[in-house]
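4 protein chains.
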Amino acid sequence: MDFAYDPTTEELRARLLAFMDEHIYPAEPVFARQLAEATDPWARPPVMEELKSAARAAGLWNLFLPNKLHGAGLTNLQYAPLSEITGWSAALAPEALNCAAPDTGNMELLSEFGTPEQQERWLKPMLDGAVKSAFCMTEPDVASSDATNIATRIERDGDNYVINGRKWWSSGALNPACGLFIVMGKTDPQGPRHKQQSMICVPRDAAGIDVRRGMTVFGNTDGSHGGHAEIVFDNVRVPAENLLGGEGEGFAIAQARLGAGRIHHCMRLIGKAERALKLMCERVLHRSAFGKPLAEQGVIQDWIAESRVRIEQARLLVHKAAWLMDTVGNKGAHAEIQAIKIAVPAMAEWVLDRAIQAHGAAGVSQDTPLAMMWVSARTIRLADGPDEVHKASLARKELKKYR
Amino acid sequence: MDFAYDPTTEELRARLLAFMDEHIYPAEPVFARQLAEATDPWARPPVMEELKSAARAAGLWNLFLPNKLHGAGLTNLQYAPLSEITGWSAALAPEALNCAAPDTGNMELLSEFGTPEQQERWLKPMLDGAVKSAFCMTEPDVASSDATNIATRIERDGDNYVINGRKWWSSGALNPACGLFIVMGKTDPQGPRHKQQSMICVPRDAAGIDVRRGMTVFGNTDGSHGGHAEIVFDNVRVPAENLLGGEGEGFAIAQARLGAGRIHHCMRLIGKAERALKLMCERVLHRSAFGKPLAEQGVIQDWIAESRVRIEQARLLVHKAAWLMDTVGNKGAHAEIQAIKIAVPAMAEWVLDRAIQAHGAAGVSQDTPLAMMWVSARTIRLADGPDEVHKASLARKELKKYR
Amino acid sequence: MDFAYDPTTEELRARLLAFMDEHIYPAEPVFARQLAEATDPWARPPVMEELKSAARAAGLWNLFLPNKLHGAGLTNLQYAPLSEITGWSAALAPEALNCAAPDTGNMELLSEFGTPEQQERWLKPMLDGAVKSAFCMTEPDVASSDATNIATRIERDGDNYVINGRKWWSSGALNPACGLFIVMGKTDPQGPRHKQQSMICVPRDAAGIDVRRGMTVFGNTDGSHGGHAEIVFDNVRVPAENLLGGEGEGFAIAQARLGAGRIHHCMRLIGKAERALKLMCERVLHRSAFGKPLAEQGVIQDWIAESRVRIEQARLLVHKAAWLMDTVGNKGAHAEIQAIKIAVPAMAEWVLDRAIQAHGAAGVSQDTPLAMMWVSARTIRLADGPDEVHKASLARKELKKYR
Amino acid sequence: MDFAYDPTTEELRARLLAFMDEHIYPAEPVFARQLAEATDPWARPPVMEELKSAARAAGLWNLFLPNKLHGAGLTNLQYAPLSEITGWSAALAPEALNCAAPDTGNMELLSEFGTPEQQERWLKPMLDGAVKSAFCMTEPDVASSDATNIATRIERDGDNYVINGRKWWSSGALNPACGLFIVMGKTDPQGPRHKQQSMICVPRDAAGIDVRRGMTVFGNTDGSHGGHAEIVFDNVRVPAENLLGGEGEGFAIAQARLGAGRIHHCMRLIGKAERALKLMCERVLHRSAFGKPLAEQGVIQDWIAESRVRIEQARLLVHKAAWLMDTVGNKGAHAEIQAIKIAVPAMAEWVLDRAIQAHGAAGVSQDTPLAMMWVSARTIRLADGPDEVHKASLARKELKKYR
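Note that the protein sequences, when read in sequence, are chains H, R, U and P.
Here the first sequence is numbered in the UniProt record's numbering, starting from 1 and rising by one per residue.
Here the second sequence is numbered in the UniProt record's numbering, starting from 1 and rising by one per residue.
Here the third sequence is numbered in the UniProt record's numbering, starting from 1 and rising by one per residue.
Here the fourth sequence is numbered in the UniProt record's numbering, starting from 1 and rising by one per residue.
Hints in this document: simulated from the structure, not taken from any laboratory.
We put the CB at the ideal spot given by N, CA and C, even for glycine.
Be aware that a few hints might be false.
Unchecked claim - Computed beta-carbon distance windows for the label pairs:
{"no.": "1", "chain 1": "R", "residue 1": "PRO29", "chain 2": "U", "residue 2": "ASP2", "range": "27 to 35 Å"}
{"no.": "2", "chain 1": "P", "residue 1": "GLU11", "chain 2": "H", "residue 2": "GLU11", "range": "35 to 43 Å"}
{"no.": "3", "chain 1": "R", "residue 1": "PRO293", "chain 2": "P", "residue 2": "ASP367", "range": "51 to 59 Å"}
{"no.": "4", "chain 1": "H", "residue 1": "ASP146", "chain 2": "P", "residue 2": "ASN149", "range": "54 to 62 Å"}
Said to hold, decoys possible - Cross-link-like lysine-lysine pairs, in silico, DSBU-like; alpha carbons within 35 Å at most:
{"no.": "5", "chain 1": "R", "residue 1": "LYS124", "chain 2": "R", "residue 2": "LYS52"}
{"no.": "6", "chain 1": "R", "residue 1": "LYS401", "chain 2": "U", "residue 2": "LYS124"}
{"no.": "7", "chain 1": "H", "residue 1": "LYS401", "chain 2": "P", "residue 2": "LYS292"}
{"no.": "8", "chain 1": "U", "residue 1": "LYS331", "chain 2": "R", "residue 2": "LYS278"}
{"no.": "9", "chain 1": "U", "residue 1": "LYS124", "chain 2": "U", "residue 2": "LYS195"}
{"no.": "10", "chain 1": "R", "residue 1": "LYS292", "chain 2": "U", "residue 2": "LYS397"}
{"no.": "11", "chain 1": "P", "residue 1": "LYS331", "chain 2": "H", "residue 2": "LYS195"}
{"no.": "12", "chain 1": "R", "residue 1": "LYS331", "chain 2": "U", "residue 2": "LYS278"}
{"no.": "13", "chain 1": "P", "residue 1": "LYS186", "chain 2": "P", "residue 2": "LYS278"}
{"no.": "14", "chain 1": "U", "residue 1": "LYS195", "chain 2": "U", "residue 2": "LYS401"}
{"no.": "15", "chain 1": "R", "residue 1": "LYS292", "chain 2": "U", "residue 2": "LYS331"}
{"no.": "16", "chain 1": "U", "residue 1": "LYS401", "chain 2": "P", "residue 2": "LYS292"}
{"no.": "17", "chain 1": "H", "residue 1": "LYS52", "chain 2": "P", "residue 2": "LYS401"}
{"no.": "18", "chain 1": "P", "residue 1": "LYS331", "chain 2": "P", "residue 2": "LYS52"}
{"no.": "19", "chain 1": "R", "residue 1": "LYS331", "chain 2": "H", "residue 2": "LYS292"}
{"no.": "20", "chain 1": "H", "residue 1": "LYS278", "chain 2": "H", "residue 2": "LYS292"}
{"no.": "21", "chain 1": "H", "residue 1": "LYS400", "chain 2": "P", "residue 2": "LYS278"}
{"no.": "22", "chain 1": "H", "residue 1": "LYS195", "chain 2": "H", "residue 2": "LYS331"}
{"no.": "23", "chain 1": "H", "residue 1": "LYS292", "chain 2": "R", "residue 2": "LYS195"}
{"no.": "24", "chain 1": "R", "residue 1": "LYS292", "chain 2": "R", "residue 2": "LYS68"}
{"no.": "25", "chain 1": "U", "residue 1": "LYS397", "chain 2": "U", "residue 2": "LYS195"}
{"no.": "26", "chain 1": "U", "residue 1": "LYS292", "chain 2": "P", "residue 2": "LYS331"}
Assemble the whole structure, with the sequences as input and the hints as a guide.
This is the structure we're talking about:
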């Protein structure tokens, strides 16, 4: 259980930190301005393509992908501190490095489970950052944290599969560059509970797809990242070879996908919390009220100390989960992945709330990244399974020791 | 300390509850649609004018204004349960009844401190709901919770005053119908700490006013309510008779204004929390996961019970503060107003957070009013003075008992 | 819903406050010394009898008992502020005024449900403060918050009842003056769920009673108040006329008893919290660290303000519950009684925790009453039903509105 | 930063775990019974000497002491999991292994700073477990978290030092086997702030020592461990060679002592929390209410999951602090030692509170170790500096990064 950074990690950290300073942070106001000036809510600020080129040139590309054939080949423990750094500017850095959800998870699936043809057609352009994708799992009508509830049908019809159902929170689907939907549905609704589901690749332009609307998150469309779509699949027909893995393997594939997705979220949230703490410290050093700097107010000091203590603990737990994923696999690390999914978003939300409060009205506004970081931290308490589902599952594991 | 509703209150409550059912709730989706379809971010959904007519016809108009000459003449204790009801649909009902901030506070100022000419020119059209207003107090460069920090200058020059300064969070200023800015600034920067400030009425179209931008609140412009403007006053010149009250009375007038404003916020937050609790209950009764309705999950029940307990306590404290304002005046009720300002937004935020969590992803989206209600509750922990300022002041009062 | 104190209450408050100053507070160190010097762990410090005489002489006696024939005949709303005052010195004042549990609940039962013979034999000496009693309900082997679990048997045998079972947390049973156990058990284990139980009066010296041990509460025996006994009833035989109420009425009688017991606990907890806040204020005004009085530390001020805000809310809710008990009865006030049972001990525990922390090591020691007050507040989160049971029940009530 | 257990640690863990099962847990009821039967409040249950012999025979002795000449020579990281295990039975195991405070800290001081004569006279019998000691630092009249406040005088008088002052919370001083007081006082009250203090060895039987009383902790004397004494030093005269280190080195020595003491507390608290979680799990699996085992109640599951998540994070932070102490020294690990001092007692208190609640009334009683473990966790939030002092200091460190 050695969490020290190895030379590879140290080298990449140094390179990434320099990249953040030289490219990412200066691009933040540019990105914001381009966004504000856009008339199309789903427009992508042009600065992003520049950042992608720069990141690729700097050798900071596809760091998330453990498969050396397709990506950087880093372990989770190596990737953790890098992903954390991208969290400092989560609206720009992850996408700039081609390390943003949901493409990361989709690329992992295609890399691990895709046929050579599927990899050639979809994975390759995604690895290049040219094509974007969405993952269509959650449904409006059922509690999707219980995957056995999924109602979308994927029915075999000769050489095709026919898809019918309604999805929402398909993030990225409204991105004009989105070319692929990976859809989860039931091929065998009567089969064993965890063998009913399959996954299938659906081209964005297939007939029968109706992208109804973008969902908002505390009023925000996340338009620059392709939004969160509600989509109706009405007799959407795709060739049978589009199936990802075999029939009935959808649940297992989803679990594999979610493990990495969850820890990536947590890594970035550590970075968000660190940036919030930095902003809070800078703010209170330079702001006075009632005759002294806020930094000398006891309540503010309490927030700063608590933030540091909470961040340290959360990071260590994330690193332990990463180390376990590397050494005993995602399944062996299941309890720890649940633990970080419970602990880290709540920690980040807490730190962000205090940082916002320390900023006064500026904290809720567009003048700091805090409000948007808060929105994402809060949302991750729900995304990929609400806290309560993870807690109940973790408790059952703990209780099993004493049965 | 009798909190029972008197016959006047009972009658108005019945009328208002019926109005909510007949007019307000049905208008919510209309309002949302008109908002979504608008191209101007500061456009006002047309349904609002219909609601205003209906409210006026129903005798539900200017209920907030204690002065019988100009408004309904209700006590705070009478108004509290009515204001609470409007909180159930805070984006529509308060404005529909001409009871929305910042106009309420501004009308109170004009009603109490305005000259007959000022009342004729500004109060009258505001009482009619024809003209809107903004209150320009907070400044970006200083901790405005400490009013002695205010840097804007109001300087006498012959028969005029000349205003220079920068304000932000001037809510409502971007409303096309906004006709009046009430501006706080210093007429005597060398005077005694609480005698330096004055207030002045500035027509929206005065030369030298530059409305720079709308501030966002967790990404939202609040455009349909006139947004929150950053405004530069550059040698803005108005006649001397525009001064509200006398020179040096600005701080005292602001205090008077804030007392009512704070309790109105708290009344509405009680309503928001009640609606959140209702939505949470309905959701969990009709949603199942892992084999049983969410309503039977212990954690959800805990949230519901805690919500009820917290709402009850908060309402009683608001009613006590209202009763004190009615019997011993705003100054005598100062500790209780601080207490509700501390307790009620935090309570509402807590209830809303749980209601959101119980809704899953729907909870953060546009499909329920919860996310926007959360934003407002969170923001009120900062608006009109952050919690920490009120707590420090309240603690000093408590400590004084034992010195 | 008028919470103002009426003249009777005002007069009694004045008299009680004077009594506290003249008799109770000066007796606290005497009580502590007598306790420390005693060799018998169940000895009763002699000063208590002096206080009882003084209280009776001052007309501050049996204030808790609403029945005018036997007690002071106060309403719950009248008694609430008096009971709160006794909470300031909860180890002395309630017993000094003959208003201490479990005798209060037992006297209420005898007053309301007892036969004239039972009242003559047991109630009369209890009203005089000469005889003490215990209430034997909770059992070690079952979750007693669910009264249908009770396993103790009360079986008719000719003119007698025969009692077999094991009880614990029978508070007061180890008091040498204890003369009566009111025992709850099942007379009809096959009957309808809430008709199986009965209550019976058992003389302390009946054959077959084995008081096994005193339970400790965070290490304390509460010996001066008769401790908390574990008792085995082995074929204990009493005359049939000792039954309290009819067969099968035990559950209903217990409910009646618990309503008043719970609100009395809450009233006193308000008083404990108030005293804790007073002690915290005094401490921090007179203690300096790192160059300034603790009273000027922001974190301490936060505790003081939060304490005041929480106490105010809790008191109002207790008063509302009392008012409801007076106007619509204990059953009509059931939700509010649950609400205070949830809110008030948690509030008091929170305030006490901060007051302890503000005192440093003195706070956990015998040098302030804080540690013992904390123990009682913490314990009441369990006594008379743990929070979780009340919350689940309250949630079901709330959900019922929307079914 | 490798937290894996090395072979030495693994071997000692296995041996210690076996020792706990074979000796410690079976001795718990014996210890409790001997304690209950003792008439002298400061009596030491005889079973302890048996345990000490067994531990020494098992090679589990003085594990805490890093100096190989005198102790086991383990690193902090090696000792951490062993100390954690002793926390499972903190009333017995630490003392049985001669690893209990305050002797551990005192032995460290003597081992590191003692002269050969001091080591021969005091350290040797303490290493044998034959003689006990106390550390006299905290004073009743000043905020001792600020060591510059200390008022006790140590004045040179010829070949002697003369000590005058009042100490309290001198743990262990009432132990009949206590032979040594290490006393902190001022030799140079006019010197630089951190050079005024010195430490001196005072035989327990020196003339002028008056052990006034034992302080209680939530009503408990901790009598079996020598209690917590209030002591008056009235012209206590000892030879000059009793000085520990040089004049003016008292503050620095105290800091050295406190670092290890704090982490030992935290290690044991992890063990306490683990045992509480185990007891909670076992309890809820075997207890039913309202028709199902408590283990199936959602709220209980929430507590269990949260406990696991919090314990994991806390342990990792403790291990990191231990690793830092081993690699960069106590001074370099200062921030992390503060962080665990803030985080771990609060975590343990939280877990213990839920474990208590899950046990119902049994949880506060003598029938589980929970209540006493809670008392110790709560007290450590105050001991060795209250949370607030550590937080303020940690915040200043964080802020320094951005000045």
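Taking 35 Å as the top limit, are the C-alpha atoms of R:LYS292 and U:LYS397 close enough? holds, 19 Å
Does the structure keep H:LYS292 and R:LYS195 at a Cα separation of 35 Å or less? holds, 22 Å
Please work out if U:LYS124 and U:LYS195 have their alpha carbons no farther apart than 35 Å. This hinted pair holds, its Cα atoms lying about 29 Å apart.
Would you mind confirming whether the straight-line C-alpha gap from R:LYS124 to R:LYS52 stays at or under 35 Å? holds, 16 Å
Using the beta carbons of R:PRO29 and U:ASP2, state whether their distance is inside 27 to 35 Å or not. This hint is violated: roughly 42 Å between Cβ atoms.
Given the hint of 54 to 62 Å, check if H:ASP146 and P:ASN149 actually sit that far apart at their C-beta atoms. Given a distance of about 59 Å, which is inside 54 to 62 Å, the answer is holds.
Satisfaction of hint between P:LYS292 and U:LYS401, Cα-Cα up to 35 Å: holds, 26 Å
Is the Cα-Cα distance between R:LYS401 and U:LYS124 35 Å or less? Violated - the C-alpha atoms of U:LYS124 and R:LYS401 are around 44 Å apart, more than 35 Å.
Taking only the CA atoms, is the gap from R:LYS292 to R:LYS68 under or equal to 35 Å? Distance of about 55 Å is beyond 35 Å: violated.
Within a Cα-Cα threshold of 35 Å, do P:LYS331 and P:LYS52 meet the stated pairing? Cα-Cα ~33 Å, so holds.
Just to be careful, I want the Cα atoms of H:LYS195 and H:LYS331 compared with a cutoff of 35 Å; is the pair within it? Cα-Cα ~18 Å, so holds.
Straight-line alpha-carbon gap R:LYS331 to U:LYS278, limit 35 Å: holds, 24 Å
In summary, the structure is inconsistent with hints 1, 3, 6, 11, 13 and 24 from the numbered list given earlier, while agreeing with the others.
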